[in-house]
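Engineer: Chains as they are written, first to last, in numbering that gives the first Met the number 0: chain A, 0 to 204; chain B, 0 to 204; chain C, 0 to 204.
To be clear, the hints were calculated from the coordinates, so they are not data collected in a lab.
All of these numbers come straight from a predicted model, not from anything done at the bench.
Accuracy of the hints is not assured; some may be wrong.
[Unchecked claim] The list that follows gives simulated cross-link-like pairs (lysine-lysine, DSBU-like), each with its CA atoms no further than 35 Å apart:
no., chain 1, residue 1, chain 2, residue 2
1, A, K140, C, K193
2, C, K140, A, K140
3, C, K200, C, K140
4, C, K200, A, K140
5, C, K193, C, K140
6, C, K140, B, K200
7, B, K200, C, K193
8, A, K193, C, K200
9, B, K200, A, K193
10, A, K140, A, K200
11, B, K200, B, K140
12, C, K140, A, K200
13, C, K200, B, K140
14, B, K140, A, K200
15, C, K193, B, K140
16, B, K140, C, K140
17, B, K193, B, K140
18, B, K200, A, K140
19, A, K200, B, K193
20, B, K193, C, K140
21, C, K140, A, K193
22, B, K193, A, K193
23, A, K193, A, K140
24, A, K140, B, K140
Now for the letters of each chain:
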Amino acid sequence: MLNVFHIVDLVGTLAFALSGATAGVREDYDIFGVFVLTAATAVGGGVIRDICIASLPPAGLVSSAYLLIIIAAMICVAFFQRLILSFEKATLFFDALGLGFFAAYGANKTWEHTQNIELSLLLGCISAVGGGSLRDLLTGKPPAIFSQDIYASAALVGAAIQLTGSAGIIPQFWSAWCAIIGCTLLRLISLRYKIGLPSIKHNGL
Amino acid sequence: MLNVFHIVDLVGTLAFALSGATAGVREDYDIFGVFVLTAATAVGGGVIRDICIASLPPAGLVSSAYLLIIIAAMICVAFFQRLILSFEKATLFFDALGLGFFAAYGANKTWEHTQNIELSLLLGCISAVGGGSLRDLLTGKPPAIFSQDIYASAALVGAAIQLTGSAGIIPQFWSAWCAIIGCTLLRLISLRYKIGLPSIKHNGL
Amino acid sequence: MLNVFHIVDLVGTLAFALSGATAGVREDYDIFGVFVLTAATAVGGGVIRDICIASLPPAGLVSSAYLLIIIAAMICVAFFQRLILSFEKATLFFDALGLGFFAAYGANKTWEHTQNIELSLLLGCISAVGGGSLRDLLTGKPPAIFSQDIYASAALVGAAIQLTGSAGIIPQFWSAWCAIIGCTLLRLISLRYKIGLPSIKHNGL
Numbered sequence: 000m001l002n003v004f005h006i007v008d009l010v011g012t013l014a015f016a017l018s019g020a021t022a023g024v025r026e027d028y029d030i031f032g033v034f035v036l037t038a039a040t041a042v043g044g045g046v047i048r049d050i051c052i053a054s055l056p057p058a059g060l061v062s063s064a065y066l067l068i069i070i071a072a073m074i075c076v077a078f079f080q081r082l083i084l085s086f087e088k089a090t091l092f093f094d095a096l097g098l099g100f101f102a103a104y105g106a107n108k109t110w111e112h113t114q115n116i117e118l119s120l121l122l123g124c125i126s127a128v129g130g131g132s133l134r135d136l137l138t139g140k141p142p143a144i145f146s147q148d149i150y151a152s153a154a155l156v157g158a159a160i161q162l163t164g165s166a167g168i169i170p171q172f173w174s175a176w177c178a179i180i181g182c183t184l185l186r187l188i189s190l191r192y193k194i195g196l197p198s199i200k201h202n203g204l
Numbered sequence: 000m001l002n003v004f005h006i007v008d009l010v011g012t013l014a015f016a017l018s019g020a021t022a023g024v025r026e027d028y029d030i031f032g033v034f035v036l037t038a039a040t041a042v043g044g045g046v047i048r049d050i051c052i053a054s055l056p057p058a059g060l061v062s063s064a065y066l067l068i069i070i071a072a073m074i075c076v077a078f079f080q081r082l083i084l085s086f087e088k089a090t091l092f093f094d095a096l097g098l099g100f101f102a103a104y105g106a107n108k109t110w111e112h113t114q115n116i117e118l119s120l121l122l123g124c125i126s127a128v129g130g131g132s133l134r135d136l137l138t139g140k141p142p143a144i145f146s147q148d149i150y151a152s153a154a155l156v157g158a159a160i161q162l163t164g165s166a167g168i169i170p171q172f173w174s175a176w177c178a179i180i181g182c183t184l185l186r187l188i189s190l191r192y193k194i195g196l197p198s199i200k201h202n203g204l
Numbered sequence: 000m001l002n003v004f005h006i007v008d009l010v011g012t013l014a015f016a017l018s019g020a021t022a023g024v025r026e027d028y029d030i031f032g033v034f035v036l037t038a039a040t041a042v043g044g045g046v047i048r049d050i051c052i053a054s055l056p057p058a059g060l061v062s063s064a065y066l067l068i069i070i071a072a073m074i075c076v077a078f079f080q081r082l083i084l085s086f087e088k089a090t091l092f093f094d095a096l097g098l099g100f101f102a103a104y105g106a107n108k109t110w111e112h113t114q115n116i117e118l119s120l121l122l123g124c125i126s127a128v129g130g131g132s133l134r135d136l137l138t139g140k141p142p143a144i145f146s147q148d149i150y151a152s153a154a155l156v157g158a159a160i161q162l163t164g165s166a167g168i169i170p171q172f173w174s175a176w177c178a179i180i181g182c183t184l185l186r187l188i189s190l191r192y193k194i195g196l197p198s199i200k201h202n203g204l
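This is chain A alone, in the form it adopts within the complex (with noise of 0.2 Å):
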């Protein structure tokens, strides 16, 4: 069980650091900007989440496994730009299954650092989307948590379901699984026929 969730965690990570990296090189960034938005991408989330449950330092920091997947990103970009824009679909597909793995991952560390249920679903979410957030604050792009499609909201989702089993309610085995296709899942049908929550009209404000 524990290999698989470390499987899972490179894969989201990769995913993530693709995504920061192909920014990086759109932006025209020299080779070390790249990596310092590749890096910010794949592990900001987390360094978030750790910070605020004092489990210092922060593992993104400190494990050679992030930093080789932060070069073989940039690697990936460098060298094989057609095929990663063939891939396209499948990079939206891992940034979806890293949203699912790191939502479940996020909350369940949490809950097992704090036994508190809100901060448990608040940094799940904050795992999940930190990253990407960081990646636009620091190339000047609003957020897209704020306007995009259901994501966010799907890392919430995960973060509830993967709870149920750090609580003890159902077996861990099965929530982490739930959380990450529930999650995964959603985010993918919302993209795939555009769905997106609703916001809150306003008329002369």
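On the provided structure of chain A, position chains B and C as indicated by the hints.
Structural biologist: Same frame as chain A, but now just chains B and C:
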């Protein structure tokens, strides 16, 4: 005394939440985006303060009272937009009151954790202006603290008054109320008479 | 040795403070706004480092020496604008020196707290470039680390040299000076000869 503090805290949080929710609706965010912006505005300053004094997890992320206030603010902005418009001056008043309370509360909490005057002044001020600055950064505006009339400096004055009580020079009861009333009045007077701090002239720079 | 370190620290802080104060005056902020931007630029990188290694409260928020330097930098920019203009190259030199020192100091402090090479490299680099990045984010500019000539990568080289000493491979005394001189020279040479890192070409991306 504690109860009064608690009520003023909730009123201040509500004022900041209303300002965040209003900004989110104006930017046409979806419901979840408005929630994120409202929460960041209402609890952002306190979270930064709690991270800096290692009071983790941050109080703003684990209290369901704050969560209810955030949701209440969103409901207000969604259903009572005319009411909120007609209350614009009341909102400014609550915002100034919130500024005063957060400055006093932040300075006092930091003092109790660290007994350091400089840190207490800085974090009292950051507690009060942090949420609004996050709101501005996330919506792509230059933070208001940089251009506005007397705002962060009023928070600094409030924090300084509160510290005379935290350090035992005058009774806590009086320092808290003097800090809240002093900071709030200073802010309201600067709004009413359009008083601002001078800026540094630059020629040839 | 400690005294020399301390003096270079203050010189580096002053250089970053001057760059923040200059940016604030150029943006027409009021006096308090200039103070906030100056402080964020001078101590921002160290605060992020201290949060990540749980050395709380952050050193940059509790030392009155830093506060005096921030105020001194504001006075310089307010009253001696012509002088500062004529010293533009001196400021660039001090900035490069500050970069070198902060990289060495940050890498060494992180190593002493965690004995982790990757973290020490990352946080040495973040100590050195964090303040300038905050300054750019707060004034609505894309962070200079992404587009500039050799800057963050010079800090990384400095952190790496310092770590050879922190880990006991070469004497601490030599590693500190080699790190400061190496990083500063690298930065100055890249400025003088307009040397930058290559960027990743993109076609059809």
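Engineer: Just to be careful, I want the Cα atoms of K193/B and K140/C compared with a cutoff of 35 Å; is the pair within it?
Structural biologist: 29 Å, holds
Engineer: Starting from K140/A, check that the Cα of K200/A is at most 35 Å away, please.
Structural biologist: 23 Å, holds
Engineer: What's the verdict on K140/C and K200/B, does the C-alpha distance respect the 35 Å limit or exceed it?
Structural biologist: Answer holds: K140/C to K200/B is near 22 Å, not above 35 Å.
Engineer: Can you confirm whether the C-alpha distance between K200/C and K140/A stays at or below 35 Å?
Structural biologist: Given pair K200/C, K140/A holds - Cα atoms ~22 Å apart, limit 35 Å.
Engineer: Mind checking the alpha carbons of K193/C and K140/B for me, to see if they're no more than 35 Å apart?
Structural biologist: 33 Å, holds
Engineer: Between the alpha carbons of K200/A and K193/B, is the straight-line distance 35 Å or under?
Structural biologist: 33 Å, holds
Engineer: Is K193/C within 35 Å of K140/C, Cα to Cα?
Structural biologist: Holds: K193/C and K140/C sit about 21 Å apart, inside 35 Å.
Engineer: Are K200/B and K140/B close enough, with their CA atoms no more than 35 Å apart?
Structural biologist: 24 Å, holds
Engineer: With a cut-off of 35 Å on the C-alpha distance, tell me whether K200/C and K140/B pass.
Structural biologist: The given pair, whose Cα atoms are some 32 Å apart, holds under the 35 Å limit.
Engineer: Has the given pair, K140/A with K193/C, been kept, meaning a C-alpha gap of at most 35 Å?
Structural biologist: Holds: K140/A and K193/C sit about 29 Å apart, inside 35 Å.
Engineer: Please verify whether K200/C and K140/C have alpha carbons no more than 35 Å apart.
Structural biologist: Cα-Cα ~23 Å, so holds.
Engineer: Is the Cα-Cα distance between K140/C and K193/A 35 Å or less?
Structural biologist: Distance of about 33 Å is within 35 Å: holds.
Checked against the numbered hints above, the structure violates hints 9 and 22; every other hint is satisfied.
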